[in-house]
Structures are given as structure tokens and as C-alpha cells.
Amino acid sequence: MRDRVAIAGVGYTELSKNSGVSTLTLACRAIVAALEDAGIRPEEVDGLATHRVGDSVLPPVLAHSLGIRDLHWYLDLFGGGSVSHAVVGQAALAIDAGIADTVVCYRAINARSEFRMGGIGRPLVDAVETQYQAPYGYFAPPQQFAMAARAHMLRYGTTHEQLGAVAVTQRSHAVHNERALQRKPITLEDYLASRWVVEPFRLFDCCLETDGAVALVLTSAERARDLRRRPVLIRAASWGSGFTLYSNQQPDPTTTAAAAMAKRLWSQAGLGPGDVDVAELYDCFTYTVLVQLEDYGFCKKGEGGPFAASGATRLGGSLPVNTHGGFLCEGYVHGLNHVCEAVSQLRGDAGARQVEGAEVALSTSQPGYVSGNTSALVLRRGP
Amino acid sequence: MSDAAPPKPLPHPDRDSQPFWAGLRERELRVQRCLGCQALRWPPRAICNRCRGFGFEWIALSGRGRIVSWVRTHQVFAPAWRDDVPYDVVQVALDEQQDLQLIGRLDGAAPERDLRVRARFRQVDEGVTLLHWEAERD
Chain A
240 MRDRVAIAGV GYTELSKNSG VSTLTLACRA IVAALEDAGI RPEEVDGLAT
290 HRVGDSVLPP VLAHSLGIRD LHWYLDLFGG GSVSHAVVGQ AALAIDAGIA
340 DTVVCYRAIN ARSEFRMGGI GRPLVDAVET QYQAPYGYFA PPQQFAMAAR
390 AHMLRYGTTH EQLGAVAVTQ RSHAVHNERA LQRKPITLED YLASRWVVEP
440 FRLFDCCLET DGAVALVLTS AERARDLRRR PVLIRAASWG SGFTLYSNQQ
490 PDPTTTAAAA MAKRLWSQAG LGPGDVDVAE LYDCFTYTVL VQLEDYGFCK
540 KGEGGPFAAS GATRLGGSLP VNTHGGFLCE GYVHGLNHVC EAVSQLRGDA
590 GARQVEGAEV ALSTSQPGYV SGNTSALVLR RGP
Chain B
44 MSDAAPPKPL PHPDRDSQPF WAGLRERELR VQRCLGCQAL RWPPRAICNR
94 CRGFGFEWIA LSGRGRIVSW VRTHQVFAPA WRDDVPYDVV QVALDEQQDL
144 QLIGRLDGAA PERDLRVRAR FRQVDEGVTL LHWEAERD
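Chains as they are written, first to last, in my numbering: chain A, 240 to 622; chain B, 44 to 181.
In case anyone wonders, no lab produced these hints; they're calculated from the structure.
Just so it is clear, CB atoms sit at the ideal spot from N, CA and C, and this is done for glycine as well.
Treat the hints with care, as some may be off.
[To be verified] If you want a taste of the chain A side facing chain B, the calculated C-beta under 8 Å gives, among others:
(1) G306
(2) R308
(3) W312
(4) F354
(5) G357
(6) V367
(7) E368
(8) Y377
[Claimed, not checked] Covered by chain B, per the in silico footprint, the following chain A stretches (three or more residues, Cβ under 8 Å):
(9) 412 to 426
(10) 488 to 500
(11) 503 to 509
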């Protein structure tokens, strides 16, 4: 599949705290914007793919809304941030296999105004572990990721200041992103003064619950050459599954499912961490950036904190990370907005936050906490 | 005086976990042991993920372990915990097998690294007993 499928267009809705519209409306707006970006008419779409956790609109409903009468392929993947990149990878497989020609991948959520993650505003989700955790007041994502972050601090000496470096760095990137919900620069002192949410996480460790949608248009690399925008090639796509934090044979929460999967991803890409010019790493919380820097091989195990605090992940550093500000600052569209930002960087149209000469990008999903699974893409600048 | 906080959710045992919850009601921490390779497993399920054997028995553990991580919740994520914040939730590795790690509340002590703890069976009503932890004193 290497380099045979391209991302030909991306589209966004406004990101906000209250969209005031349905997830169907959000999805339609993002998809129409992505098709306009690519220069493809809606009637040419023959595939639709999304993921959701009972909180959004189904592909067939969108097909009806967009007037797609003969959907050749669709994917309605159950899952949260850990499967976002698998949606794109599986769409690429469908195109490469000749099942569909033009697939739109989308995610539309009202994650602040309607369906807050972790069960606030709706019944507690029905995961197998809920019965062993929720009665103790442990069910919200910040609690589950804080548990892993604490274990990492205990084992490797990771500090609050190193978590803070992620928050400060990403905010400095968001200053240059007109879509970002939080654009005012912060200092490490501001970070340390922000209120506790769940120790060891402060307010600025946590992403922004957001209403919004994004969409990406995929087609063959060959066809994409003749379209409106410079294509971005899918160099490699991988997904995988390990054990959740809470199952036997997974006693160490400081290494994620991404550590095993990354080896396959790099092998499939014929590239390694040293070839990556820009990385958009899943950042539901600051901690997941640190652990992924380790598990994708950008630094040694346990050194994600010092690596982030060194300034390497800033614009101008050796590996700029989350150039749009990430979920912490741009907004949380559950994963696919990271892919859109990677596309923008590889096209070279990221404006003031452009990484000079970016040729190869890594974009990742949630590295496997709670869900046990993860997914990621290596993308390359097309001809 | 404001109204009382709404009740906390109680566990909904499934067909795999009923013996675990029955064990807590009888003040025992029970897990499954594989009849093939003798490995203990958590959470409850039909098959052993080491030897793939379906045979198992429920055994009572010592209820002792150590704290491997913890979080202190300040934000009220749901109204039922409005009067509890801040509160500590701990992850405990059980003495019998270190990869069995359970979530629970720690009572009467501040969590710290490797703190030795033992199970406390906290009866909520006739049908439900929850697993809490307390520091082990010699």
C-alpha cells in the first residue's frame, strides 16, 4: 500500500464550546469543505468512514444527506481516540483493494455541549471494567490517564515541570493557529498555578472538550496528482492491540500498545523516527505526548520528559510536535484533526507555524490506555 | 443546606464477574485460577490468556498488596461525588501475582509509593459490598 493512496483534501467546521447544531450538520459542513478543498464533487464519493462511541452520525445517514446513492464501502468503527487513525488506514486499504475510489473519513462530535467523554451527561459507558472502577468514583478520562502519568513519574522521575513543558510548547504553537480555541501564550509559572483537576494533572494538562468536525478526502495517488491540491501520500498505516491497563499480563502502565505497534509501522514505512520532520501526537493529556515520544522511538524509554523540556518539540526544534497546538489548544476532534494538521504541514501551507521543508510526518492516535488498542499514520509529501 | 448528593452508581455484575462480587459479600477477595497453568487472572473471564485453558476455579487471596499508582480527584466529574472531593483512588498490585492490579479507594491514609495495603470489605447494602483498601500496620 506504500505511497499508493493519497489525502487529497481536508475540511473543518468551526471549533467551539457549543456548536448549536447536530453532529449530522457538523459532518456535512466538514465534508463539503474537504471536497471543495480537493476539487471533488460530492457525487463522486463512493466511500465514507468514521469512528464514534455512540455519540455521532452514521455513514449511511450522511450518504443520504449528501445524495450518495451507491455507497461502495463504509466503515462505522466503534471506538474513541485510539481508532481515529485506523479509520484512515482502513479507508486506504479499501481504495488500494479497488473497492472504492473516493473515500471521505470524518469525525463529528459535540464533545462539550452534548456528549462529554467519561459519562458526564449520559449513562456511564458499558466497558467491561466499569463495574470494578466506577463505584469508587473512577471513570473520567483525566483520572485514568493521571494514574498512568503518576506511575511514569514514580518509575522514571518525570516531573510536573516536564508535563508543563508540553502545555507551554503547544500553546506557543497555537498562537499561530487561527482555528485554535486557546491562543494566549502561557508560561511554566502559569501552568504550575493552574488548578488541580486530578493529581498529578492540572487544568493545563487536559485537552479542550470541543464541538466540531473534520473530514479528509482519500483517493488513489495517481488520481490525486491531477486534483486541486498537492497530494499527501499515505506512506504507512498501522493499528494494533495490546492489553488494557487493568488486565493481567500488563503490569506496567508506563509502556503503551504503541511501543509494539511502532516497530511494524516503521518497517512498513521503510523509515524510522529519525526521518520524521514533524509529529502530531495524540494529546488528550500532556502525559500521552511524553510516553509516545518514548514508545515511537524518538528518545529512550523514560526520557520523554527531559526530551520535551529540552525544547526539541518546539517549532524550530529537532522534532516539532503538535504544531497546531494539539487537543490542548486547537480543540479535541478526537484524533483526525491531527491528521489534517499533518497534511497542512506536508503541503507547506501551515503559514506562521510551517515546519520548513517538512517531507515526512507521523500522526498518532491514543496510545492504548483504557482501550488497549492504538493506530498511527506515516505521511509523506507528494509530488 | 443544599440537597444531598445523588447516590453513587453500584456495580452491575456480569455473567463472568458474579462470583467475584459474591466473594466480596462474604468478605473474601476472590479471583480465578487456571486449572491448566495455575495462573491467576483479572478481570474475570472464561479463558486463560496464557495457556488458553477454559478450566478454572475461584480462590480466595490474602487481600494484601502494595500501591503502584494513585490519583487525587479534585474536580467533581459527576454529582454523586460532590461531597467526596478531594478523594484518593489507588491502583494496587496483589501479593500473589504482581500483574493483578485492582482499582479501589484507600481509607484512612495518604497514598504513597509501595505502601503496603490490605483489603477492607465495605458493605453498601445487603446485595453489594465494595473493595476498599487500608494501610497494613504491623
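Closer than 8 Å Cβ to Cβ for three or more residues is the test here. Does the segment 412 to 426 of chain A pass it with chain B? With 0 residues in contact (Cβ-Cβ under 8 Å with chain B), the coverage given for the segment 412 to 426 of chain A is violated.
Does the interface hint hold: is V367 of chain A within less than 8 Å of chain B, judged Cβ to Cβ? At about 6 Å, which falls below the 8 Å cut-off, the nearest Cβ of chain B leaves the hint on V367 of chain A intact, so it holds.
Would the hint on F354 of chain A be counted as holding, given a Cβ-Cβ threshold of 8 Å to chain B? Violated, about 14 Å.
Within the segment 503 to 509 of chain A, is the number of residues with a Cβ closer than 8 Å to a Cβ of chain B three or more? violated (count 0)
Establish whether the coverage given for the segment 488 to 500 of chain A by chain B is satisfied; the threshold is a Cβ-Cβ distance below 8 Å, and no fewer than three residues must meet it. holds (count 4)
Is the interface hint satisfied for E368 of chain A? The criterion is a beta-carbon contact with chain B at less than 8 Å. Constraint on E368 of chain A satisfied, holds at 6 Å.
Closest C-beta approach of R308 of chain A to chain B relative to 8 Å, hint status: violated, 42 Å
Is the hint on W312 of chain A kept, meaning its closest Cβ partner in chain B is under 8 Å away? Violated, about 33 Å.
Please check whether Y377 of chain A passes as an interface residue: C-beta within 8 Å of a C-beta belonging to chain B. Given a least distance of 5 Å, the restraint on Y377 of chain A holds.
Should the interface hint for G357 of chain A be scored as holding, given a Cβ-Cβ cut-off of 8 Å against chain B? This hint holds: G357 of chain A lies near chain B, its Cβ roughly 6 Å from the closest one there, short of 8 Å.
Interface hint for G306 of chain A, Cβ within 8 Å of any Cβ on chain B: violated, 42 Å
Hints 1, 2, 3, 4, 9, 11, counting from the list given before, are not met by this structure.
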